Amino acid sequence: MIKNLVFDFGGVLTTIDTEQAIKRFKELGLADAEKYLNAYKQTGIFFGLENGDIDADTFIEELSNLCNRKLTYDDALYAWMGFIVSVETELMEYLQTLRGKYRLCVLSNTNPFLQGWARSTKFTEEGKSLDDYFDELYLSYLMGCSKPGEDIYRKMLATGDMLPHETLFVDDGARNIETAEAVGIKTLKAVNGKSWRKELENILEQDSK
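Add 3 to a position in the sequence shown, counting from 1, and you land on the number used in the numbering used here.
Check before you lean on any hint, since a few could be wrong.
[Said to hold, decoys possible] BS3-like cross-link-like pairs, simulated, lysine-lysine; straight-line CA separation at most 25 angstroms: (1) Lys44 <-> Lys29; (2) Lys192 <-> Lys158; (3) Lys104 <-> Lys201.
[Stated by the list, open to error] Here are the simulated distance ranges between beta carbons: (4) Asp56 <-> Ala177: 19 to 27 angstroms; (5) Ser198 <-> Arg122: 18 to 26 angstroms; (6) Gly32 <-> Glu153: 33 to 41 angstroms; (7) Gly152 <-> Trp120: 20 to 28 angstroms; (8) Thr162 <-> Val88: 27 to 35 angstroms; (9) Asp77 <-> Gly130: 20 to 28 angstroms.
Bear in mind the hints are in silico, worked out from the structure with no lab data behind them. Here the structure is a predicted model, which is why all the values come from computation and not from measurement. For each residue, glycine too, the CB sits at the ideal point set by N, CA and C.
Based on the sequences and whatever the hints tell you, model everything.
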C-alpha cells in the first residue's frame, strides 16, 4: 500500500519554461546559455550548483567570469526565475486533503536561488512557502546528488525511512521515472503544464482496494 507521495518541483508543482530561462541568462551575457541549461539536468557550473558541488557565491563568481561582467545575487535569481511560469497551487491545495493519510515529499533537482524563493512567503499569493505544503523536501543541492542517478533515490528512501513499494513518485522526466522504477518506486509521469490530479486519484483509489 502507498504511504509516501513524492513530487518533482519543476514541471510538476510548477509549470516551467526552459527557453525563457535561457533568454534571461543570455540577457546577463551568457551567449551560449542553451549549452548549460535543460529542463531536467544542467551542465557545467549549473550542474555543479544543483548537485551541491558549488555554492551560490561561487556560482555567481563563475557566471560573472563567463559573462565577462560582475553579477549579483539578484541578477542570478532573475535569470533562474525565468524557469517559473506558474505555481500549481490548486494541485498543492488538493494534496493537503491527503495529508495525514500519506506523507508528502518533494524530490527535486534544484538550487539555492529557486529554493530561496520557493521556501519563502513569496512562493504563493497566500504567503505560503513550499515547506507549508510538504512534510519533507529532498533537494539535490543539499543532498549532494541529483536525478536521474540512483543515489538520490536511495538516499531519500534511507533518510526518510521509506520502502520503495510504499512510495509513489510523480515526475515529468522520462529518465527520472525510469530510475525510480529501477529502484522499486511506483511512478506517475506528469506532463509539464498539465494537471496530474485525476491520474493520481485513480492510482490511489486502485491502491486502496
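Taking the hints in turn, this is what the structure says about them:
Distance check on the hinted pair: Lys44 and Lys29 sit about 18 angstroms apart at the alpha-carbon level, within 25 angstroms; holds. In summary, the hint linking Lys192 to Lys158 is supported, as the alpha carbons are separated by about 21 angstroms, within the 25 angstroms threshold. Note on Lys104 and Lys201: the hinted pairing holds, with a Cα-Cα distance of about 18 angstroms set against a maximum of 25 angstroms. Under the hint 19 to 27 angstroms, the C-beta atoms of Asp56 and Ala177, about 25 angstroms apart, fit the expected range.
For Ser198 and Arg122, the Cβ-Cβ distance of about 24 angstroms falls inside the hinted range of 18 to 26 angstroms, so the restraint holds. Between Gly32 and Glu153 the beta carbon distance is about 37 angstroms. The supplied range of 33 to 41 angstroms therefore holds. As the Cβ distance of Gly152 to Trp120 is approximately 26 angstroms, the hint placing it in 20 to 28 angstroms holds. Taken as a hint, the range 27 to 35 angstroms holds for the pair Thr162 and Val88, whose Cβ atoms sit roughly 31 angstroms apart.
Look at Asp77 against Gly130: about 21 angstroms separates their beta carbons, and that is inside 20 to 28 angstroms.
Comparing the model with each numbered hint stated earlier shows that all of them hold.
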